[in-house]
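Asker: Given next are the chains, with one letter for each unit.
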Amino acid sequence: MDALLELLSHHARTSLEDLARELNSTPAAVEQRIQELEADGSIRGYQAILDPQKTQSDLVTSIIEVKIAPERGGGFDRLAQRIAKFDQVESCYLMSGGYDLLVIVEGASLQEISQFIAEKLSTIKGILSTATHFRLKSYKEKGTLLIQDPRANRLPVAP
Amino acid sequence: MSQQEKIARHVAGIGRSGIRDFFEIVQSMEDVISLGIGEPDFDTPWHIREAAIYSLEQGRTGYSSNLGTPELRQAIADYVAKHYGVSYEGRTEVLVTVGVSEAIDLALRALLNPGDEVLYHEPCYVSYNPSVALAHGVPVSIPTHSEDEFRLTATELAKKITPKSKVLMLNFPCNPTGATQTEEELRQLAALCVEHDLVVITDEIYSELVYSGSRHVSIAALPGMRERTIFLHGFSKAFAMTGFRIGYACAPVELIEAMMKIHQYGILCAPVTAQDAALEALQNGARDVRHMRREYEMRRNFIVRSLNEMGLECFRPQGAFYVFPDIRSTGLASPEFSLRLLRAKNVAVVPGTAFGPSGAGFIRCSYATGLPEIKEAMGRLAEFVVETAGARQRERVSA
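Top line first, the protein sequences correspond to chains Z and D.
Residues 6 to 164 in the working numbering are what the first sequence spells out, letter by letter.
Residues 6 to 404 in the working numbering are what the second sequence spells out, letter by letter.
Heads up, some of the hints might be wrong.
Computed footprint of chain D on chain Z, listed as stretches where at least three residues anywhere in the stretch have a Cβ under 8 Å from a Cβ of chain D [as the list claims (entries may be wrong)]:
(1) 8 to 20
(2) 24 to 37
Selected chain D positions facing chain Z (in silico; Cβ < 10 Å) [claimed, not checked]:
(3) Arg25
(4) Gly41
(5) Leu117
(6) Asn180
(7) Leu376
Just so you know, the hints here were simulated from the structure itself, not pulled from any lab data.
Keep in mind that this is a model prediction, so the values were computed, not measured.
Heads up, the beta-carbon is just placed ideally off N, CA and C, and yes, glycines get one too.
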């Protein structure tokens, strides 16, 4: 991966000035490159990584395995895109193995999610079955450990 | 006999490490940002720690062969052949040690007769001079200079060679300067070593950490050098495994055999848990090394530019995780600079003089510390430089 993309994917809030220092470049050049990456769609957005235990978020997250019937001409794409467009759907992936789509859905309550599945998801023509799992606890989010071991202290000065 | 008189003369003659005094002051203070640490800030990658746990679970808690576990020695031989282009026989030409520090001690004790001279470039790692003295050798330092980016030139080496010279110690990439040598420069050194029949102890502990796409070359790989070189390396820096204490030596069988004799009676073998972890590092750690190298490189870029902007000149080192800026423009000597900076701004750097007299006028800043801390430290250092200049100005005016 591009060094700039790597830096941004870990710390999207790093200032242009600091990025330039790390990349041995200038703030103006870095800014221009970021604009290019945004314009060509390489960078789709910037998000904070939250710890649901800390933010006391009441949101419920479910992971749904969906089996669908592929269509002639379009395969899985048309149905997958249709599902992905729902605001409730946080992520949607085509999978190999025992089911076809992995859909991550966020909702205010178990009820809201089951309603979404029963009324929206399952009723779409071509959906064969769903299996829903609810998240109980988060240990790691996007490469960030949410439960940190106490850090061992290094000696303050070492040869 | 007083307590002092009980101490052997060659031990009594060794000075306290300059780093140790400084360490004690730093330790007595709170909220210090330390750029004085010569070990990675990364935790050992989890799969390596997990391999150590697994090893314990399997009950691998006995001794290994004095030389090290056969699996690890073979993996080391393969790794050295692949990355450094030198072939060693895993069974007989590799010795696993307790860190490179032990390997240096073994090599010197195996090679030196009392009075033999050992050449080494300076500023250098703190143990070189005392280790030579402890092995009854005579340390002969060769000062290197900021104008040469602290490289060791053949001209400077030639000036110090005498009929008593037996060993040349090399450490590139270098702690504390970050200096590296090109292949051509190494060839010139190698030619002198062959001409004067010197044995080379090459400490390549930082050799995975070279930047800007530059390629590390080991002197052991140059023609005529394998038979006169003890190649030392370990896991501490590249794999962030300092506390595991695993290093190794690769050399012709007679030299390894001699080193093994000392190791066998002094240490017996390196800890097996740590050896098993080291094997995992060689087998599956390449990705971790790439990741850490990339991170170090960006920190280096950051710190080099910041230092130069505040008027503390330093070249862009191509290796290790140290920069060695020139602080003479502040009018302060290295220890004074470090102490005042620590007291005024709670930032710890190591005075260049801790690495030998030729480090005078310089400080060592380690970038094995997270970027947020580095940023904060650079801000405080810049303030310190400005305030020091202001104070000098006032002194001059009032004088």
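Asker: Does each hint hold? Answer for all of them.
Answerer: Structure-based check of each hint:
no.: 1; hint: 8 to 20; in the structure: holds (count 3)
no.: 2; hint: 24 to 37; in the structure: holds (count 4)
no.: 3; hint: Arg25; in the structure: holds, 9 Å
no.: 4; hint: Gly41; in the structure: holds, 4 Å
no.: 5; hint: Leu117; in the structure: violated, 22 Å
no.: 6; hint: Asn180; in the structure: holds, 8 Å
no.: 7; hint: Leu376; in the structure: holds, 7 Å
Comparing the model with each earlier hint shows a violation of hint 5 alone; every other hint is respected.
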